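Peer 1: So the chains spell out like this:
Protein chains: 2
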Amino acid sequence: MTKTIDFYFDFSSPYAYFGSLFVNDLGAETTWRPYLMGAAMKQTGLPALVEIPIKRDYAALDIKRTARLYEVDFSMPSYFPFMSVKVCRAFYAIEEAEGQPAAQAFAAEAMKAVWSKGPNMSDGEAILALADRPYLAEAMVTQDIKDRLRTETEAAMARGCWGSPHFFVGEGDTAEHFWGCDKRWQIQQWLEARW
Amino acid sequence: MTKTIDFYFDFSSPYAYFGSLFVNDLGAETTWRPYLMGAAMKQTGLPALVEIPIKRDYAALDIKRTARLYEVDFSMPSYFPFMSVKVCRAFYAIEEAEGQPAAQAFAAEAMKAVWSKGPNMSDGEAILALADRPYLAEAMVTQDIKDRLRTETEAAMARGCWGSPHFFVGEGDTAEHFWGCDKRWQIQQWLEARW
Chain C
602 MTKTIDFYFD
612 FSSPYAYFGS
622 LFVNDLGAET
632 TWRPYLMGAA
642 MKQTGLPALV
652 EIPIKRDYAA
662 LDIKRTARLY
672 EVDFSMPSYF
682 PFMSVKVCRA
692 FYAIEEAEGQ
702 PAAQAFAAEA
712 MKAVWSKGPN
722 MSDGEAILAL
732 ADRPYLAEAM
742 VTQDIKDRLR
752 TETEAAMARG
762 CWGSPHFFVG
772 EGDTAEHFWG
782 CDKRWQIQQW
792 LEARW
Chain Y
602 MTKTIDFYFD
612 FSSPYAYFGS
622 LFVNDLGAET
632 TWRPYLMGAA
642 MKQTGLPALV
652 EIPIKRDYAA
662 LDIKRTARLY
672 EVDFSMPSYF
682 PFMSVKVCRA
692 FYAIEEAEGQ
702 PAAQAFAAEA
712 MKAVWSKGPN
722 MSDGEAILAL
732 ADRPYLAEAM
742 VTQDIKDRLR
752 TETEAAMARG
762 CWGSPHFFVG
772 EGDTAEHFWG
782 CDKRWQIQQW
792 LEARW
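Protein sequences, first through last, are from chains C and Y. Following the working numbering, the numbering of the first sequence begins with 602 at its first residue and continues without gaps. Following the working numbering, the numbering of the second sequence begins with 602 at its first residue and continues without gaps.
Read the hints as simulated data drawn from the structure, not as lab findings. Among the clues, some could well be false.
The list cannot tell twin chains apart, which means a pair is met if one copy fits it or any two copies do.
Each computed EDC-like pair below joins lysine to aspartate or glutamate, with the alpha-carbon atoms no more than 20 Å apart [stated by the list, open to error]:
hint	residue 1	residue 2
1	K604	E777
2	K784	E672
3	K747	E726
4	K665	E777
5	K656	E755
6	K713	D733
7	K643	D658
8	K656	E777
Since the structure is predicted, the reported quantities are computational estimates derived from the model, not experimental observations.
Using the sequences and the accompanying hints, generate a full structural model.
Peer 2: What follows is the structure, encoded as structure tokens:
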């Protein structure tokens, strides 16, 4: 059976970026599913990381250290935290027109832009310029795409996502839920042999 | 230079138990430093895991999975969550009388008791029976030991601990802070070669 990973993330999460750098190298077929983490946090009443000084300070250290581990340039965008609704809609519009691989390639470029001083991914015009697809301006604002993002966000929450990233490893109902980039090694072990 | 790990934990944390199962196998000299996580959570205003249903459900799954990974019997104690103040004081009383290795061995037994239906580690009499040391009944209630636990808890918070476990890897002021059992693999990499 094909091994699969559903990769849930929010574009405004640094750990989503780190997750995107390795999720396709784990030997499984991946489906990227951006969602609006803000909606989940609102429903669960969870505070944002930046609201808790002691965790925020640790996260600042851990994020820099993780960027070094993955050998990527990294800086926080001037517009952080940001609403990722537009870039999410662009992702699903590209996915519907061209499929997952094209959407993943776009998401990878968009995340690189967010976390290494590229174009502003909270801005619709900058997203369109980066994506460089004539159909996208109209496609990303249709009711279908708005509904798709709402449905994806609700599905993510129904599966138990509240943060970013979450990985569902396996197949369908038997998929195993792992939260956070630090689960990388356990996910690898799980793919080799469930325990 | 000797590689060192300061291992901060609260006896009432399942992840502290899992951390205790591997922290001494990472090739570093370890110092175990139990502290009162409740004091840190009170100061930071962080909600306990059990207060957030979506995280609690995930944690329940993750804790069982982690126990299987480390091949240990595991069940939640009937008295969870519990105040770990007495077992912490017993730890430091043993450490002062006999040194770290003896205190670590006691802590390992105490955590095994907590997480595999052993004697009740919130209960002073059960702690004394498990420790089986004539001097302990008096030693664990001295003002010195009470002060020691308060000092250790304040020091843990000053270093940035709010949860369980936290690992400080390296030496003194240059020690690197890692939070959570899932950091095991990064700690191993860090000990091999800082990045």
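Peer 1: State for each hint whether it applies.
Peer 2: Here is how each hint holds up against the structure:
Taking CA atoms no more than 20 Å apart as the test, K604 paired with E777 passes inside one copy only; the shortest distance there is 12 Å, against 36 Å between copies. Taking identical chains as interchangeable, the C-alpha atoms of K784 and E672 lie at most 20 Å apart whether they share a chain (19 Å) or sit on different chains (18 Å). Taking the shortest Cα distances, K747 and E726 sit within 20 Å of each other inside one copy (18 Å), while across copies they are farther apart (62 Å). In this assembly of identical chains, K665 and E777 lie within 20 Å of each other by CA distance solely across copies; the values are 12 Å between and 29 Å within a copy.
Taking the closest pair of Cα atoms, K656 and E755 come within 20 Å of each other only across two copies (17 Å); inside a single copy the shortest separation is 27 Å, beyond that limit. Taking the closest pair of Cα atoms, K713 and D733 come within 20 Å of each other only inside a single copy of the chain (16 Å); across copies the shortest separation is 58 Å, beyond that limit. Taking the closest pair of Cα atoms, K643 and D658 come within 20 Å of each other only across two copies (18 Å); inside a single copy the shortest separation is 23 Å, beyond that limit. Taking the shortest Cα distances, K656 and E777 sit within 20 Å of each other only across copies (15 Å), while inside one copy they are farther apart (27 Å).
Against the hints set out earlier in the document, no violation occurs for any number.
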